[in-house]
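**Student:** Construct all of the structure, not just a fragment, from the sequences and the given hints.
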Amino acid sequence: MTISFTLNGEPISVEAPSDMPLLWVLREKLELTGTKFGCGIAACGACTVHINGVATRTCVMPVAAIEGADIKTIEGVSLGPGEMSAVQSAWLEHQVPQCGYCQSGMIMAAEALLDQNPDPSDDDIDNAITNICRCGTYERVRTAIHAAARARREA
Amino acid sequence: MSNETKPSSNAAKIARRTFLVSAGVVGGGVALGLALSPNRLKIYGDDVASGDEVILNTWVKLTPDNKLTVIIPHSEMGQGVGTGLAQMLAEEMEVDWDTVSIEQAPASNDYINSDLGRGYIVGEGAKIPSFVYPMLDFTFLQIAKGLVGQLTGGSTAIRLTGYHGMRRAGAAAREMLMRAAAKEWGVPMNSVRAEASTLYHDASNRSASFGSFAVAAAKFTPNLKPALKSPSSYKIVGTPKPRLDLPEKVTGEAQFGMDVIVPGMKYAAIAQAPVFGARAVAVDGPANPAQQIVNLGDAVVAVADSYWTASNAVRQLDITWDGGDQALTSEDLRASHNKHLQETRHEEVMDKEGDAPKALQSPDAVSVEYAVPYLAHATMEPMNCTASVHDGKCELWVGHQNPITARDDAAKALGLKKSDVTVHNAYLGGGFGRRARTDNVVQAARVAAEIGAPVKLVWSREQDMANDFYRPAIVSRMRGLVDDGKISAMSHAYIYSDAGMPDSERPFAFQYDVPNKRIARHPYPSPIPVGSWRSVDFTQMGFFNESFIDELAHKAGADALAFRLAHKSDARHRAVLERLADEANWGNPKTPGASQGVAIVDSFETIVGQVAEVTVEGDDRIRLHRLTSVVDCGQVINPNAAEAQIHSSVIFALSAVFFGEITLENGEVVQQNFPDYDMVRLRHAPTQDVHFINSGHAPGGLGEPGTPPVAPALTNAIFAATGTRIRELPLARAGFRSV
Numbered sequence: 001m002t003i004s005f006t007l008n009g010e011p012i013s014v015e016a017p018s019d020m021p022l023l024w025v026l027r028e029k030l031e032l033t034g035t036k037f038g039c040g041i042a043a044c045g046a047c048t049v050h051i052n053g054v055a056t057r058t059c060v061m062p063v064a065a066i067e068g069a070d071i072k073t074i075e076g077v078s079l080g081p082g083e084m085s086a087v088q089s090a091w092l093e094h095q096v097p098q099c100g101y102c103q104s105g106m107i108m109a110a111e112a113l114l115d116q117n118p119d120p121s122d123d124d125i126d127n128a129i130t131n132i133c134r135c136g137t138y139e140r141v142r143t144a145i146h147a148a149a150r151a152r153r154e155a
Numbered sequence: 156m157s158n159e160t161k162p163s164s165n166a167a168k169i170a171r172r173t174f175l176v177s178a179g180v181v182g183g184g185v186a187l188g189l190a191l192s193p194n195r196l197k198i199y200g201d202d203v204a205s206g207d208e209v210i211l212n213t214w215v216k217l218t219p220d221n222k223l224t225v226i227i228p229h230s231e232m233g234q235g236v237g238t239g240l241a242q243m244l245a246e247e248m249e250v251d252w253d254t255v256s257i258e259q260a261p262a263s264n265d266y267i268n269s270d271l272g273r274g275y276i277v278g279e280g281a282k283i284p285s286f287v288y289p290m291l292d293f294t295f296l297q298i299a300k301g302l303v304g305q306l307t308g309g310s311t312a313i314r315l316t317g318y319h320g321m322r323r324a325g326a327a328a329r330e331m332l333m334r335a336a337a338k339e340w341g342v343p344m345n346s347v348r349a350e351a352s353t354l355y356h357d358a359s360n361r362s363a364s365f366g367s368f369a370v371a372a373a374k375f376t377p378n379l380k381p382a383l384k385s386p387s388s389y390k391i392v393g394t395p396k397p398r399l400d401l402p403e404k405v406t407g408e409a410q411f412g413m414d415v416i417v418p419g420m421k422y423a424a425i426a427q428a429p430v431f432g433a434r435a436v437a438v439d440g441p442a443n444p445a446q447q448i449v450n451l452g453d454a455v456v457a458v459a460d461s462y463w464t465a466s467n468a469v470r471q472l473d474i475t476w477d478g479g480d481q482a483l484t485s486e487d488l489r490a491s492h493n494k495h496l497q498e499t500r501h502e503e504v505m506d507k508e509g510d511a512p513k514a515l516q517s518p519d520a521v522s523v524e525y526a527v528p529y530l531a532h533a534t535m536e537p538m539n540c541t542a543s544v545h546d547g548k549c550e551l552w553v554g555h556q557n558p559i560t561a562r563d564d565a566a567k568a569l570g571l572k573k574s575d576v577t578v579h580n581a582y583l584g585g586g587f588g589r590r591a592r593t594d595n596v597v598q599a600a601r602v603a604a605e606i607g608a609p610v611k612l613v614w615s616r617e618q619d620m621a622n623d624f625y626r627p628a629i630v631s632r633m634r635g636l637v638d639d640g641k642i643s644a645m646s647h648a649y650i651y652s653d654a655g656m657p658d659s660e661r662p663f664a665f666q667y668d669v670p671n672k673r674i675a676r677h678p679y680p681s682p683i684p685v686g687s688w689r690s691v692d693f694t695q696m697g698f699f700n701e702s703f704i705d706e707l708a709h710k711a712g713a714d715a716l717a718f719r720l721a722h723k724s725d726a727r728h729r730a731v732l733e734r735l736a737d738e739a740n741w742g743n744p745k746t747p748g749a750s751q752g753v754a755i756v757d758s759f760e761t762i763v764g765q766v767a768e769v770t771v772e773g774d775d776r777i778r779l780h781r782l783t784s785v786v787d788c789g790q791v792i793n794p795n796a797a798e799a800q801i802h803s804s805v806i807f808a809l810s811a812v813f814f815g816e817i818t819l820e821n822g823e824v825v826q827q828n829f830p831d832y833d834m835v836r837l838r839h840a841p842t843q844d845v846h847f848i849n850s851g852h853a854p855g856g857l858g859e860p861g862t863p864p865v866a867p868a869l870t871n872a873i874f875a876a877t878g879t880r881i882r883e884l885p886l887a888r889a890g891f892r893s894v
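Protein sequence lines correspond, in order, to chains E and X.
According to this note's numbering, the stretch in the first sequence is residues 1 to 155, in order.
According to this note's numbering, the stretch in the second sequence is residues 156 to 894, in order.
None of these hints come from the bench; they were simulated from the model.
Ideal placement from N, C-alpha and C gives every residue a C-beta, glycine not left out.
Please note that a few of the clues may not be correct.
Simulated coverage check for chain E against chain X, where a stretch passes if three residues somewhere in it have a Cβ under 8 Å from a Cβ of chain X [stated by the list, open to error]:
1. 35-46
2. 88-100
3. 106-112
4. 127-139
Incomplete in silico selection of chain X near chain E, CB under 7 Å [said to hold, decoys possible]:
5. ILE416
6. PRO418
7. SER803
8. PHE807
9. THR818
10. GLU820
11. MET834
12. GLN843
**Tutor:** Put into C-alpha cells, the structure is as follows:
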C-alpha cells in the first residue's frame, strides 16, 4: 500500500506492506539508518522516533498506522547543517556516546522528554527514559539532559 | 570512518596502495608508513616486507596542507580507541591536535597487530616488561590457529599498540621530519625543534610546516629507538580530548555494520538450530517466488527484498532439526559440575604455596560453594553481516573485533584465497568479546554465494540471545582458615571451561598474601559454545575470591577493608584500597542508612577497587545508590574516555548481577529477549564516583578491569545490610531483586 506522512518536515509517500513496522520502512525503504534495530519488541528503545511529537518505538509500529502523521527521526533533529540541537550539543559536551548504537533512540527520547518537561528531575529522567544502553552511558545521559534543559530554557 | 558502501573490490586495494607507496605523492598527500622488522625499522615502501619482517601497524599520513591522519588498527566498539591511540602518536610527533583525524585500517595483513608487540620484543629485548609476554599470548588467543589477526580484545589497544607502537611511530616520524629539515637548511639536527606540526630553526629564524617536509622525511630510515618524551612534558596525552568519533554518533550518521546499504542487496533472516549441534534435515513451508530459502545445515536462511519479509518467511518455515543433546538442562549441568568438582583425578593445580590441604584439615576451616551462570553478550546491535560474492571475489561489510579472521574464515568457507576477500570494518554496536567470532560472517558469505547477489544477514534479538558464545557457567568451592585474625590457609577448586584466556593472565590468582594456598581447576568443557565476555575469567574469579575474602573477614570479626589491607603487601593494591576508603567514606556511607561492600581486583594490568552503597527496600528489593571506583591503570591517556570505560564496565556488570542468567531446557536456551534477559536502565543506575591514581606506571588495560569487582562489592554490601551471603548469581537466586 501507499502511505503518506510528513518526515522531518517534508511530505513523503512510500510503498510498503501495511504491516511492515515503521522502523524497517525508515531504514530500508527510505535509507534513513540512524534509527536502529535492537530488539524487535519495543523493549530497548533503539528504534525511537517522534510520532506527532511523542517518542515512539517503531519496531512494532505498523506503517499503516502512521498515515498522515508527523514523523521526526534522528536525522531531523539537527537545527540545520552542522547546527546541533541543544540535546545533541549537550551529548557532545558531556561525551555521552560510547559505541553509539543506542544513542539515536536515547536522544529522541531525551528530546521528547524536554519538549514535555523543560526542567526534569533525576526521577523524571529515570522514569521517562527506559532505553537500554549496553555501554552504560546512563550517568552522562542524566548529566547531559540536565545541561540540555538549561540550554533550552536559556535560549 | 568511511561511509563508502558501494561494492568495490578495488576499495581495499586503493586504500592499501595509498599507504604502501613509499614517499610518493598520492592524491596530494604523502603516506609515511613505518614497518618494523626484528632488526630494523624502515619506511615501508615498494619493497614489501619479506617473510620474517614484522609490520608496525602504525600509520601516519601527512598531507602538504599539514593535516595528519592516524590509521587505527583496532576496532571502535565504544571505547574511543582511535582518539586514544592518536593522542599517543600525536604527543610524540609534536603534532597540533587540531590537525589530527583518524581512519580505520583496512583488514589487511599489513596492519596485523599481533605481530606488533612481538616485533618490539625482538627489537627491544629485555627492555620490555615481562607482563607484555603473557599479553602477547593473549593477543594471539582467538587466532591461535593462524597466528594472524587484527584483534581488539584483552584490553590491549592502549597498553600494547599504543604504548609500544604508536608512541614510537610518532617519535620516529618526528625525527625523520627534523632530519629532513636539518638537511635542507644545512644545520645540525639537534638545532631543529618540532612543535605543533611546525619545524623550527631558532638561530636562523626559519620555520616550516611538517607537511612541507613530508616527502623528504619519508626518504630517511626511521629510528628503531627514537627518544621518547617524559610524561611530565605531555601536552596531549593525559588530557580529555573530545572523542573524534562522537559527532557522527549524535546525528545518526555513524555507520554500523547494520547500516550498510549495498546497491541491489537482498535481506536475509535466519533460524539457527535451537539445540546446539543440531542439523536441519528437512525444510518445508509456503512456496513464494519472491523468497529464497538457503539451508546452511546448522541454520536455515530466508532471503527477500526486505528484512521484515525475510523474517516473516523464516518464521513460517517448518524445519525438522536432528541431533545435538536435546536432553541438556542447566540443572543437570550444575549437578555434573558438582560431581566433577569432587573428583580430583583430572584437576590441574594452578597455584600452590605451603601446604594448604594439611592446614585446612582444621575443624575451624570454612568451606563454601559459589556458582555463576552462563551469560550472553547481548550487544545492542544484533549480529549481522553484509556480503557480496561475485567473480571469485568476496566483499564483506561488518563491525568486527577481528577483521582478519573474518576475512580468513570467509575465504575458507567459500574456497577462496584470502587475498580475494575484502572486509570493510564498520563501527561496532558493542563487542564485549562477541564480535571476535565469525559465525555471522561465514553465514552471510555462504548465503551471498548461494543466491548470487549481495545480501545483508540480520539476526533477530532472539537469534542473537540463543546463539552466543556465552560466558561459562561454573561452580567453585573455597576453603579457608583464619588464625589470630589472619588467613593461614586457603584453597580453591573450580570448574574450568576454556573461554580463551591464557593461564599467564593468572585470573585464578587469590590476590592476597596467604602462606598456604592451593588453587586447582577441574576442566569440564562446556556443552554449549563459550567465549570471552568482558573481562573473561576475571568476572567469575573476582566474584569468588572477593566474596570469600569478605566471608573470612566476617569470620575473623574484622573490618572488610582493613582485613584486605592486612593481607596485601603490593604497594599499588594498598594505595588503591587506602584511597578507596577515603573517597567512599568507608564506614560512614554517603547515603543515609545505606550499607557498604568493598571489592578489589587486579586484571589486565589495572587495579580497580570499588565500594557499593545499598539499601534494601521491603524484604528483597535492592537499591544501589552509589558506586565508588578507585583505579590505578598507570598513565591515563584520556581521563574523560577512561572514566567512561569505568562507568561502562560497572553498568555491564550490574546487568549481570541483577538480571543475567542464560539457562538451558531440552537443550535450548530459554531466554529470548530483554524481558527475560533484562538490562540495567537509568532507574537502576547508581551515582558513580570514579577516581584515578596516577601511579606513574605504564598504561594498563581499561576496557575490562572495571567489571570484575562490581558483583562482589554489591553482594558484600547486601550481606552488610541483611546478613544474607549471596553465593550464587544473579540476585534472584538468593531471593533478591532490583528496585
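**Student:** Please list, smallest to largest, the hint numbers that this structure does not respect.
**Tutor:** 3, 6, 9 and 10
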